[in-house]
Amino acid sequence: MEKNWREQIAHILRPTEFLRFYVEVRVLTEGKARDRRVLALICNNQSDVEEGVLFFLKRTGSSITIREKLAIFADFKDTSSSSTTTTAAGVGGGNGPEEATFRYANGIDTVEFEITRDDNMEQMLIELKRLINSAQDRGLTSSGSSHRWTHYYSVHSPLMAVDPLDGLSSIGHPEGNMISAPYGFRKTRSNPLMSFSGVVGIAASEAEMHTGMMATHDLRAVKEEWVAKQLLDREDEFTERAPMRVFAGTWNVNGRSTDEPLDGWLRINEAYDIYAIGFQEVDLSAEAYLIADTTREEMWCAAIESSLGQSAHTYVKVISRQLVGMLIVVYVKSSIFDHVREVTSTSIGCGLMGMVGNKGAVAVRLRVKDSYLCFINAHLAADTYQVERRKQNYWEIVRRASFPNLALMSGLQRMSSYSTANLTGYLPGSSQRYFGVFDNDHLIWMGDLNFRITLPGPEVKKCLAAGNMDKLLAHDQSIFDGFEEGDITFAPTYKYDVGTNDFDSSEKQRTPSWCDRVLWRSRTGAGKYIRQLQYTSHPELLASDHKPVSADFEIMIKTILPEKHADVHGSIIRELDKYENECMPDVSVSRLQIDFGEIKYEQPVTETIVIENVGQVTAQCRFIPKFEEVSICKPWLWVNPPTAMLVPGDKAVISMTLLVDAMSAPPLNAGEDALEDILILHLDNGKDLFVSVSATYVPTCFATSLERLTRLPHPVRAVSVAEVELLPPENQLSMPRELWRIIDYLQQHGRDVDGLFMQAGNPYLIAYIRDCLDTGVEFEFDTLVEESAWPAGETSTLNDAAESADAMQASASTEHTASDATRLGPAYSVHAMAEILLRFLEAMPEPVIPYDHYQRCLDASHYDKEMALQSVANRILVCALQALETLPRINMNMFLYLTAFLRLTLSWSQPRMAADEERQLHLNKLAMVFSAVLLRSKGTAPERFQQGILNQKQQFLKFFLVDEQKPPRGEEADGASAAV
Amino acid sequence: MADGSSADNTGASPSVPMKPVQVKLVLLGEAAVGKSSLVQRFVNNEFQENKEPTIGAAFLTQKTYVEDKVIKFEIWDTAGQERFHSLAPMYYRNAQAAVVVYDVTRAPSLDRAKSWIKELQRQANPNIVIALAGNKLDLVNDAEQGLHSEEDGHDEDGHEDGEDMPVTRQVSTEEARIYADEAGLLFFETSAKLDLNVQEMFNEIARKIPIEQLMAPSRTGRPGGASAGRIELIGNGQGAGGRGSCAC
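As given, the protein sequences belong to chains W and E, one line each in that order. All letters in the first sequence, in the order written, are residues 164 to 1143 by our numbering. All letters in the second sequence, in the order written, are residues 7 to 254 by our numbering.
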């Protein structure tokens, strides 16, 4: 667990920061104990004072997030109320002997937390006090320039919405914007390390680290890397190159100074464009470890400048960097000075405790025109047997050397003359925040690398005397796989007696070796642009026990041609976008236009379409509502299923059923709407397809307003809907002609039919009758029935309201009808006609008793119930009639006409019934069936099915069905009938 | 030149500029003016004769680069047939950009384009950047020098109306540009077939997108921003109009 925390914290840190300590705490919000956190003190000593920041970390799964961040400025203090001390060094107010509470504030943020009083807390207080004192001494404040490195660590607050700009990364990982610590970028960026894994043994564990980091790597960066790689592969298409001469020289000066001229080593006649000069052991004094002393640097620079001053060209110092004994200096010819940009340096100490710089490296990275060059001056561990230590030094330098992306940080990028957005790696305009040593076109690695010859000293000297270089080189310890080095044709550069060209004559008799080397390594594909012209040592310089080495390079420096670059970049992006577009879901639909043909009222038609996934990825498709609508289609259409999930190649059959019913028919009958709709089939993350649905509607008198029916000069289908001219109001019919035809037929043929209105009609006959009504054609049942094409009678009942009451009666009627074969025809047509009547009334957009009269009619029957005991029968009827009187003329006509007809049917059927109870039951059933269609509340209110309301409706209708007002048989009868 | 010795204290808060800004762009215009062809040219650099009409709304994405910004166009290429008109608001609502296309050889298509533009200005996002594109420049005689002559023999399939004859321009550059300037639109005459002005048009749109507004976390408080955007838009429209005419 402990180890885990340390490792995990190390994971999110950049190489420039380190963990001082960590301790578990409980962060408080509004005084209440909240989540456990780990308080980590992270420090950076890259400037001349150690800067600290407190991170409050939370572990989520395998990753950790920074939840609070508190930089240690001069005004950092503990503000907890119970504490009287003003610095963190004071012990905060506690919750008891074991817990202490602190509230730390730095002028910007405040964090309150609990901590267990123990040694860890003591350590925290000591460290904090030290940092606060140091901050106060240096006057580090939030408005100053210190602590800028802390900006690389972003705080992830659980309350904060996901960064809206960070959509991509948040898709990739639920905590997508969590590790924006730059080390995440560094790790994944440094893929070149992978190709380099043969160098040292610990590469494997690094590889594991890579995969770990990939988990938190956002998609965008992956894509950028891909684009950058493509660009680099095609670099030659958009760059032009011109040669530059580069000098790289190294000398271990053994702590000495010299007045010997350096002209020979620096080869001042060669007119180099760039000088990169590395020294080791410029300062061997004990103080060098503690104090940054620049006098030695100044001395060597003066010596260099003195020699360069002899040259025909003028040179300018670009940068120097010293770490204890290691010094690197870069000069450029003044004529190319303007082409040198983004110069950064770094130092890596690998000496004592891994921090102090008696061994390690200093390095410079710079951009020359559009090429990136990196020079490393290293001093690796000495002694023949320390090969492993040298490998470790090498690896540590590779791992820890990081150069900030100056262009990105200073906004220089915006000033560049061309658009280079979205590049990473070695091209200008990279969004990478840090670069490693391999993120360059060319890396030149020089220094006292302490490679030894693994032969006894006398034998080495013998070989040298004999000129047998091959044998010596075969025993050279060079450990730099993956690097190139010129042929060594010079004598070993170490160890000489100072002031001579004689090998070490001291007691130690050190074996002569090629310690001082210059190697190089180019980015993949860039090797052809660097050429070594000369590689030699300079024995004429006698001041040190090492001889200086020089390497002469010609590097083809590139210049990006902005327009060509944009072209190549554009084509790469286009290619990428093309793949992305090809990976969008795609489906084909068997047909996008569905014509249902002629559609008649209440006659459903089903068509199917086939959706096929023709794309390369899973397609989720669904029909979606149109803009500002809620349903996916018009109410007369049913889509089943409305969604489909298809893997590539998969097909789904979608059925579409078109049914015009009483609800959807009125606007269609009125010609105000048509059977046309467009459905949107939407693919998630993809396109939309429009499926057009159309049909030709055959209008009907059903579900047509009374107003329209009574003003139509002809049956509805005698003329087309578009051409119809309505009768003027004064010529309006007193009643729909269709109603008259229905009732006329029933009057003529219904007298002897049992179970009128109690039995379902044949659906084919019903459709036939509807056609006759709509077209005005005479009914000709006889011919139809004799064809005996009709299926047997059905036993289902007429409507919902009558269902339970009718069940037994209906089955009895069916038996009766079936046994009386001779009357089959007329009975069937009568039952069909009876159902037509009910359906016609039911489908009326507004019932015979209009909606705004509905309640009053119910109240009239209600009144009756209240007053029943008064036995004033006439007053009941009066009330009902009063309710009726207010109806529109046509509605009243229809109502009276219908009730008169119903009384007629009662007069037919009741004499056939022996028992009074049977007659009463029949009356109740008739009232129930008709009250359900004549008295309707608006919409589909549930009251339709409430027993009390059903009773009221029947009661109202019964006033008009009973000739003489006899006192009702009593409420018991009603209740009984309803309960059956 | 920057002083490179400052490796340790150059840590200004880094804002990564590469996040693609998503811009919803809708293509509108009469049927068969070449909306899908313009998109195909822009996205895939392809051209296909006698394309099937778009029944629906094709969806494609394409990134483009404006200075140091990445714009990811999410392109909705809508069906031009009039019966689908009522569905258009689904696609232009929330759009930050619209390309309204007409056919330089069919005057009525410009009228249709104008009514689309009116609708957009009335109902779409007030900051929407609208470009008017007069497409099929390859069909008229004054198309780019020499480019047309080689294509002459290839049109035996004819166009929508099946004409074999050389087609005459029915909308002058001048007329369309004046309208575009008045309405505050970007204006280009384009040929998806010959790849004339297609990239240029989308790039210009990308440049005119008020990115900062899109990147702002909250996009409420429209009124102020909207009016500012409108003023800027008109200015841009005039500039682009001039450019458009140069290209023709």
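No wet-lab data here; the hints were simulated from the structure. Some hints could be false.
As the list claims (entries may be wrong) - Which bits of chain W does chain E cover? Going by a derived footprint, with three or more residues having C-beta under 8 Å, they are:
1. 731-738
2. 849-855
What the hints assert, rightly or not - Restricting the straight-line Cα-Cα distance to at most 30 Å, the calculated cross-link-like pairs of lysine-lysine (DSBU-like) are:
3. W:Lys789 <-> E:Lys120
4. W:Lys392 <-> E:Lys57
5. W:Lys691 <-> W:Lys554
6. W:Lys691 <-> W:Lys814
7. E:Lys120 <-> W:Lys392
8. W:Lys789 <-> E:Lys75
9. E:Lys120 <-> W:Lys532
10. W:Lys741 <-> W:Lys797
Glycine residues also receive a C-beta, built at the ideal position from the N, C-alpha and C atoms.
Going down the list of hints, with the structure as the test:
Coverage of the region 731-738 of chain W by chain E holds. Counting CB-CB distances below 8 Å, 4 residues qualify, and the rule asks for three or more. Beta-carbon proximity to chain E at under 8 Å applies to 6 residues in the region 849-855 of chain W; the threshold of 3 is reached and the given coverage holds. Of the pairs offered as hints, the one joining W:Lys789 and E:Lys120 holds, with about 24 Å between alpha carbons and a cut-off of 30 Å not exceeded. About 36 Å separates the Cα atoms of W:Lys392 and E:Lys57, which puts this hinted pair outside 30 Å; it is violated.
Using a Cα cut-off of 30 Å, the hinted pair W:Lys691 and W:Lys554 holds, with the two alpha carbons roughly 28 Å apart. Taking the CA atoms of W:Lys691 and W:Lys814, the gap is near 55 Å; set against the 30 Å cutoff, the hint is violated. For the hint linking E:Lys120 to W:Lys392, the alpha-carbon distance of about 45 Å lies beyond 30 Å, and the restraint is violated. For the hint pairing W:Lys789 with E:Lys75, the CA-to-CA distance comes to about 34 Å; that exceeds 30 Å, so the pair is violated.
Between the alpha carbons of E:Lys120 and W:Lys532 the distance comes to roughly 50 Å, so the proposed pair goes past 30 Å and is violated. Taking the CA atoms of W:Lys741 and W:Lys797, the gap is about 37 Å. The hint is violated against a cut of 30 Å.
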